[in-house]
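Trainee: The primary structure of each chain is shown beneath.
Number of protein chains: 2
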Amino acid sequence: MQKIEGGVTAVEGFTASGMFGGIKKNGHPDMALIFSETPCTVAAVFTKNRFPAAPLLLDKRHLRKRQGQAVIANSGNANAFTGRRGLSDAEAMARTTAEALGIARHSVFVASTGVIGEFLPIEKVKASIPCLVSHLARDGGRTAAEAIMTTDTFPKEIGLIGKVGRSEIKIGGMAKGSGMIHPNMATMLAFLTTDVAIHPVLLQEGLRVVTEQTFNCITVDGETSTNDMVLCLANGSRGGMISEKGAAYHQFLSLLHTACLSLAKMIVQDGEGATKMITIQVTGAKDDHSAYRIAKMIACSNLVKTAFFGQDANWGRIVAAIGNAGAPVDPTKLDLSFVNPNEGADRHGRVILLRHGMHQGEKAETGVTALLKKREIGLMVHLCSGKGKATVWTSDLSLDYVKINAAYRT
Amino acid sequence: MQKIEGGVTAVEGFTASGMFGGIKKNGHPDMALIFSETPCTVAAVFTKNRFPAAPLLLDKRHLRKRQGQAVIANSGNANAFTGRRGLSDAEAMARTTAEALGIARHSVFVASTGVIGEFLPIEKVKASIPCLVSHLARDGGRTAAEAIMTTDTFPKEIGLIGKVGRSEIKIGGMAKGSGMIHPNMATMLAFLTTDVAIHPVLLQEGLRVVTEQTFNCITVDGETSTNDMVLCLANGSRGGMISEKGAAYHQFLSLLHTACLSLAKMIVQDGEGATKMITIQVTGAKDDHSAYRIAKMIACSNLVKTAFFGQDANWGRIVAAIGNAGAPVDPTKLDLSFVNPNEGADRHGRVILLRHGMHQGEKAETGVTALLKKREIGLMVHLCSGKGKATVWTSDLSLDYVKINAAYRT
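Going line by line, the protein sequences match chains X and U. Residues in the first sequence are numbered from 1 upward in steps of one, following this note's numbering. Residues in the second sequence are numbered from 1 upward in steps of one, following this note's numbering.
None of these hints come from the bench; they were simulated from the model. Note that this is a predicted model, so its numbers are computed, not measured. Hints should not be assumed to be uniformly reliable.
Since the list can't tell identical chains apart, any single copy or any two copies may satisfy a pair.
[What the hints assert, rightly or not] 30 Å max Cα-Cα, derived DSS-like pairs, lysine-lysine:
# : residue 1 : residue 2
1 : Lys24     : Lys363
2 : Lys24     : Lys373
3 : Lys48     : Lys389
4 : Lys245    : Lys363
5 : Lys126    : Lys265
6 : Lys60     : Lys333
Work out the full structure: start from the sequences and follow the hints.
Mentor: If you want it as structure tokens, here you go:
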């Protein structure tokens, strides 16, 4: 497996474009289009929020055919909680795109991200679409990735090439964060392209599994947005058709996992106001679900997150968070250690702060404090009560998070 | 019902004291004692955190006899996650207090609050106790309330007098916040004194019910501390014994509810870094539990809380939080309005922002923006799908919250 450039257009057969369509007040790019020259198999995973935004309602309908050829996305306005008019605006986006591209309406998927509860300036959106179509380019991935950014500070792209069966296949991807990021599907927008040939049911199942292990294991602020989605277009131009859960399927899943995890981690790195990237690994739990609950509880604790921001080895807050997860834990069996994730967890890079619930003294604390000064921090929790494990990625809670979110609409 | 001065010593038969015993680095008072001249009936509710602190383990044992006469408390150190030594330190606190007061050991309840994971300076604590005993005073409530403060900016006291059956009874109380405040018992320390005569089982049940409706309905930062407890001492000097759930019991519960709610609201008002006091009232939910989940989800949303800090009528975030609660809701039936809680919810003080899911226009938004500039804000959510209701109180998420918690241990 190797990284390649190009984002969603890293894969042959895909073009993309991005532009300013008049939605954002600051004049930044706010419209993106991804297009496949040939019809694709489509899979998607949507938010679990009870108020899915209008584009998601439309996409769920389009997804029934498991076929697609284009994604039209805008930033700056979520088209969420906009009722019937919102749905008809999303339909207009799909229809205008389909007409401009000369493809079927149900082949177009729509995504929106931004402020909730305001109507889309649909005339501006419609007027932009022909321009987006005329600018579609084989190297357009970056401009498309830029056009879906909201409070993101950098575009998030991935490209991978790797062996699936006897063929080399490619996966391209782009995503946006960076507020309302929380495990529970989907917490952001992510679009993946690939040239793999795969049965639609397997693509859907694979995307769901991978999403659970990647995008749903990150949290910035514990919020699940109304607009979150992960969507994958597979044009099937490479390799034999994957039609069963054999070796090729698992090779593809492994590639997809790497692509999604890379994007997910970029979202955490770019979490609103984030100064730290924290990997929380829980092992030895009763089962995987308990491990996940504990990891998530630590990752969502404002007190833990502010302590990370303050570079304070305040393990009492971590322990309190573990105790709040509602999962069975024995304090006398609790190991807590910190690592530099880039150096691995061997005896050089790892500092054990608690062993069997006992604090390991000032030297350990000094070691942890040194690790906390790094931008990337690994926290390992071992519970000695089973084989359950989970990993969650999160950012710290900084002054800038509050500044960004206190001022967002104004 | 009338308010009276005196906090926990508002009730005849109770004395209290507070002092600096050498635990806090800043030299502020950190030891408090409450004493009843006669043995009391005791009830208590403890944290649901899986790692209850050492004092709570001891108190649970002492509570079995349902009798008590003193509370010894310290701030600056939580004596939590301190293993066997922590438990023996808590026992030493109880024993030393019992000896100095000449009462039985199991009549003494111990409470600690402060940093987790450090051992108590038990010699200093023991040395302070005789001094606390010698300073016990009928007007000592305030000094005791001051001595349990951690990041609190003001002491929290309440005194009430009201009719129960044919007698006038009194309730006194004190509490401390102000971080790790979240519904789920008990999220802080609260001590109540009363002269009511009541059967121990009814006192325990009454305290639990009232705690659910008051202390468990506040949240500052979504954290449940390892040390939280609410404890009530009833010396039984007034009125006939309440031994059934009749009129007198409910009169007493009403008084207790008022006392606990007053303290709970003071804790929110004094939430770490809080600039706003927000009352979230959910009505028309499928059932009370759904209403509570929704109110809590709004109250715990960092995005909602930062919007309140920014005085931004960002209702999209509120709607997203409602959708995340996992409770059934219909967006087309959702009413959202803001009130000034001090002016009531009549047509003058209330601004309806969403009616049946439809935004009510710019005038409504302007009205809400004006309300958001006040220190106290009321948010009313009506779901039109049942009779379930719940009220939760919370604070905003400010820059100072992050500053306080990034620097807490250092």
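Trainee: Indicate, hint by hint, whether the structure satisfies it.
Mentor: These are the hints, each one checked on the structure:
no. : hint              : in the structure
1   : Lys24 <-> Lys363  : between (51 Å within a copy, 23 Å between copies)
2   : Lys24 <-> Lys373  : between (36 Å within a copy, 27 Å between copies)
3   : Lys48 <-> Lys389  : both (23 Å within a copy, 24 Å between copies)
4   : Lys245 <-> Lys363 : neither (50 Å within a copy, 58 Å between copies)
5   : Lys126 <-> Lys265 : neither (33 Å within a copy, 51 Å between copies)
6   : Lys60 <-> Lys333  : between (46 Å within a copy, 23 Å between copies)
Consistency note: the structure conflicts with the earlier hints numbered 4 and 5.
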